[in-house]
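Participant: Read off the chains here:
4 protein chains.
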Amino acid sequence: MTNLLQIGLIGAGRIGQVHASTIAYRISNAQLAAVADPIPSAAQAVAAKFRVPTIAANYQAIMDDPQIDAILICTPTDTHAEIMKAAARAGKHIFCEKPVALNLPATDDALQVVDRAGVKFQIGFNRRFDANYARVRRAIVNGEIGTPQILHIISRDPAPPPIAYVKTSGGIFLDMTIHDWDMARFLSGSEIDEVYVQGGVMVDPAIGEAGDIDTHVTLLRFANGIIGTIDNSRQAVYGYDQRVEVLGSKGAIQTENNYPNSSVVSGADAVRRDLPLNFFMERYMDAYAAEIAAFVDAILNDKPTLVNGHDGRMALLVGLAAQKSYREGRPVKVAELQ
Amino acid sequence: MTNLLQIGLIGAGRIGQVHASTIAYRISNAQLAAVADPIPSAAQAVAAKFRVPTIAANYQAIMDDPQIDAILICTPTDTHAEIMKAAARAGKHIFCEKPVALNLPATDDALQVVDRAGVKFQIGFNRRFDANYARVRRAIVNGEIGTPQILHIISRDPAPPPIAYVKTSGGIFLDMTIHDWDMARFLSGSEIDEVYVQGGVMVDPAIGEAGDIDTHVTLLRFANGIIGTIDNSRQAVYGYDQRVEVLGSKGAIQTENNYPNSSVVSGADAVRRDLPLNFFMERYMDAYAAEIAAFVDAILNDKPTLVNGHDGRMALLVGLAAQKSYREGRPVKVAELQ
Amino acid sequence: MTNLLQIGLIGAGRIGQVHASTIAYRISNAQLAAVADPIPSAAQAVAAKFRVPTIAANYQAIMDDPQIDAILICTPTDTHAEIMKAAARAGKHIFCEKPVALNLPATDDALQVVDRAGVKFQIGFNRRFDANYARVRRAIVNGEIGTPQILHIISRDPAPPPIAYVKTSGGIFLDMTIHDWDMARFLSGSEIDEVYVQGGVMVDPAIGEAGDIDTHVTLLRFANGIIGTIDNSRQAVYGYDQRVEVLGSKGAIQTENNYPNSSVVSGADAVRRDLPLNFFMERYMDAYAAEIAAFVDAILNDKPTLVNGHDGRMALLVGLAAQKSYREGRPVKVAELQ
Amino acid sequence: MTNLLQIGLIGAGRIGQVHASTIAYRISNAQLAAVADPIPSAAQAVAAKFRVPTIAANYQAIMDDPQIDAILICTPTDTHAEIMKAAARAGKHIFCEKPVALNLPATDDALQVVDRAGVKFQIGFNRRFDANYARVRRAIVNGEIGTPQILHIISRDPAPPPIAYVKTSGGIFLDMTIHDWDMARFLSGSEIDEVYVQGGVMVDPAIGEAGDIDTHVTLLRFANGIIGTIDNSRQAVYGYDQRVEVLGSKGAIQTENNYPNSSVVSGADAVRRDLPLNFFMERYMDAYAAEIAAFVDAILNDKPTLVNGHDGRMALLVGLAAQKSYREGRPVKVAELQ
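Chains as they are written, first to last, in the working numbering: chain A, -10 to 327; chain B, -10 to 327; chain C, -10 to 327; chain D, -10 to 327.
For the record, the hints were derived by calculation from the structure and aren't laboratory data.
Errors might be hidden in some of the hints.
Put simply, identical chains are the same to the list, so a pair is met inside one copy or across any two.
Said to hold, decoys possible - Only pairs whose alpha carbons sit at most 27 Å apart, straight line, appear in this in silico DSSO-like list of lysine-lysine:
#	residue 1	residue 2
1	Lys38	Lys156
2	Lys292	Lys109
3	Lys109	Lys74
4	Lys156	Lys239
5	Lys239	Lys322
6	Lys38	Lys292
7	Lys313	Lys38
8	Lys322	Lys292
9	Lys156	Lys74
10	Lys313	Lys292
Bound-form chain A, shown alone:
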């Protein structure tokens, strides 16, 4: 492998384009060698826009290309496990969007294959690479706030996804809160021991008809004794609300939303500012770039990836426990799901 990592992109949809843009415009030690997508026009568009030399017929063609060092899996969730295994067999390093799968057996099976192959694996929990959350984690690790005691995560989308998506996404606990389960683990440095969900359909009855809820607050107990909450809504009309705070024995740390500018207008009726950055494509653009940079760095310099298969597995497990808690109306130990 040279110092220029050759990457194959599998899946040319929205998040695939984000990563393609990162590699083209932000990462100097990697380049896109090939792109594959079942929709040829999607692959062509990405290839043209980001100057990718090869459009692969399918993902297997990427696996078969000896020049390719690593792949990014940006396809629908139900294909992740299969592609992971193919990549592992082909000896490619793997970056996979979250989650590995919507159930535990498929997840464990894919992770085992990857593990045995000895390739690098990183799961797409991009928020760990956000400057705000990284700062919070640093405060905890550095002892700036002493022993953490209470942790709150607020994570609200500006508007609900299409109902078609809701029907196949695995539901709010696996498609949306999945990031927050991971954030809770990342910030606390601890596994989650128990969850208790209060939630319901408050945004759109169609979400309820599709078998999901759109709003919940979940109370967490961590293995190390920390208590936490996750607050999720599919709709905050003022935009993407992404904040955390942690109370510790020596202080507290709290993040604010990110804004497109810092200007404040004082008018005759109110003091006001523009709404926060509206959605993940704006809010987490730097975090997306940083996670790919970290993945490339882990491969080129043979370091462990910063978010691994265990992290992907545990977030799924807690999501399944939350589903169970909501359905059964009781606190559920994560260990019940193992």
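We have chain A already, so just place chains B, C and D on it with the hints.
Facilitator: What follows is chains B, C and D alone, placed relative to chain A:
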């Protein structure tokens, strides 16, 4: 009754002095006519400092004084019910510090006697009169944030009380969270239906030895469907942390702590400001004055009091449910306690 | 003199009522013994509202009352000097609203009489007692920001005063900026050496027709080398804008406006909060109380007053220099006015 | 010209590398075709890092390359005029770092040659492209704050440049304030009519020995009647301080500094946050990218550049007026310099 309400103060301790100061220095249509306290020097000190003409031998002497229109009960909790009943029998209007009692039968008994007597009754949930929380309630009532969906209350003390206090206070759910149960009901405009507590001893083992906990987060389900949390700690080293936020269908509202000044110092290592107002005597001084002004106004102008016996009873009930939830490690319906 | 200072109030207008309220409701070691006002109904109203026992026929009657220790001069500016001299002759301590007079000879004459009489004298620069500015001064004195280099004062009223007031007030530099000249001296700990004014009529042409301007920014050079600006407008539509900031060799300090509450509403179009406290009666209420408390303390404990005749004189002098700068369109040394 | 603009970079120093990075990683419709620098290793390093195919022997070789559409001049100031003229003669579009020259004749001469050649010309006032200032300008243009009345610019560097730089830079008014003269013109939409400088050596005596000052506040009068100030210091120990505010007849707008993260730590002694982004490479990275994107867009789509030769000339002129004001200790009309 003239336009100058004559008030008898029963209990010349810390909170009694706060109210004495309010009446002396902030309320133009009321005056302290008498003060009683089992410790004569305490009564004398208050009388001297706030120019109270009469030091009563005991609270009954205040009840017997026909010139006195209303009383303030600022004595230890275990005497509240008895004094309330004596005042009701004497036809005095009653302002009573929270809670009425630490158990339901005594509370119900006292409230019934007061009710039958037809005197005004106000319970000391002063935070309802704070400018921040009043603004949040107004936003909800005005529809500024649409239908409320999620509510968070953070309420942390700067330092734990003496262990002696912990042993007799009724515990964190009744002496500290009592304000937050009421705040939750006040802001939501709804009764609390279910509580689930996660908590423990994180601040001082002596609190655990005294049979209490010092930290908890409680997940609430309200009768009207709102979901909420209350976050309590006996110790936030940065001071008195008192914030709420509410998400609604049309927006969100959030309060910040109050500070002694707005100055921000940018130095070579950080941008910093002074700590928040340290404790309730500073943070809620205006709210204490406003609750007494409202009580006086309710009497002089024959209006309903803004916080009544039902409010006192319900906060107790939820506190008892929280105790049960913590002890039994399960969600508890408030109705179980009725 | 007992420990209860007896005060005579001269002038029962707006600011007189502010001080009467302070003494009645906030100061425990002083009381109003008498009030005088040329308009009998004004004096009667204050006496009734604040329980003042004596309505004096005129200010001389207050001077003649041997029970009165100190007086507050809250009359129109053109009477200050005369009343100050009468009080000095009567041996009364004097608190006088700013300015002493609109010209230097009358100011110097009155201050000399006061000085020779040996009575305490305090001028009403209440803003020195505001928590924000006091904190800034403390940061400078404590060395928190090192050697001060640049100082900015922003001081804007919510709306212009009546034209009738503008005609007799001495103009913006003497009736409004007078507070800022003093603030500049207070914060910097230095005399002002030179002023250069840029200003004009931007708010209301009627102010220009009355011979005044309504907007200016003045560049200051202090004797100790600090550079500063004062920004004044008769109209900030968003309310009373009162801020300062200071850059020093080791850091900077900056104040924000004060708000009626800390609530922030995030809606579908903006994140907004309520306007700042609207005017000096709300914004500086605590500072008014603190300046009177300090005056009473200076007398009862025989300390120097914290704002004295020299402070009153120098603010006038700089105001006159600013007038000259504006009229002549050039930088003016304050020494030119001496 | 294809849709992929071919750019020649002249000058491979710090700012040249910033622009090279922008073109390589942020701009999809332009690419670097050649780089020239008198120091061969500098040109080689840029070529290697940003994959530039040609290292030109000198800038004239770039002018002679028919494939190159446009050039970026990132060389020392005293070469700008000469290179501009060479580029104009060669028919290349020109982006030139500020200022064109340190004197008016050279500036006018170069701008005339460019003008006659009919090539596009953009001067590097990158701050116009910053999200905060763009928002302020938009508020003014949209009428959000009514008619602008007062404008303040604060622009302080974290630390002074090397003394060697100070000696040749043209001094604070031409190397540092040059951005602020332009910002003042940009925000106000007006020419500056008069300047009056108060300043001195407060940071480092060596700067004074080199014939410059390090701190000044300049009072501005604009042709349209607005009054403004510019506050410059070579050293704000807390970092790069870059803020503006504008008061208008219908409101005010104010920007804050940009921070690396939004985390706030509340500890036992203060509430604090990390320092602002430290210097222009971090603070204005997006603005640098946006100015190049705008330059490319102006060429490819034949639009006027957003910052032109007149803007470069006027900023110089005001800088020269400020020099004169400081030297002569009096307000100076910009017209005096014409």
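Participant: Of all the hints numbered above, which does this structure not satisfy? Sort the numbers upward.
Facilitator: 1, 5, 7, 8 and 10
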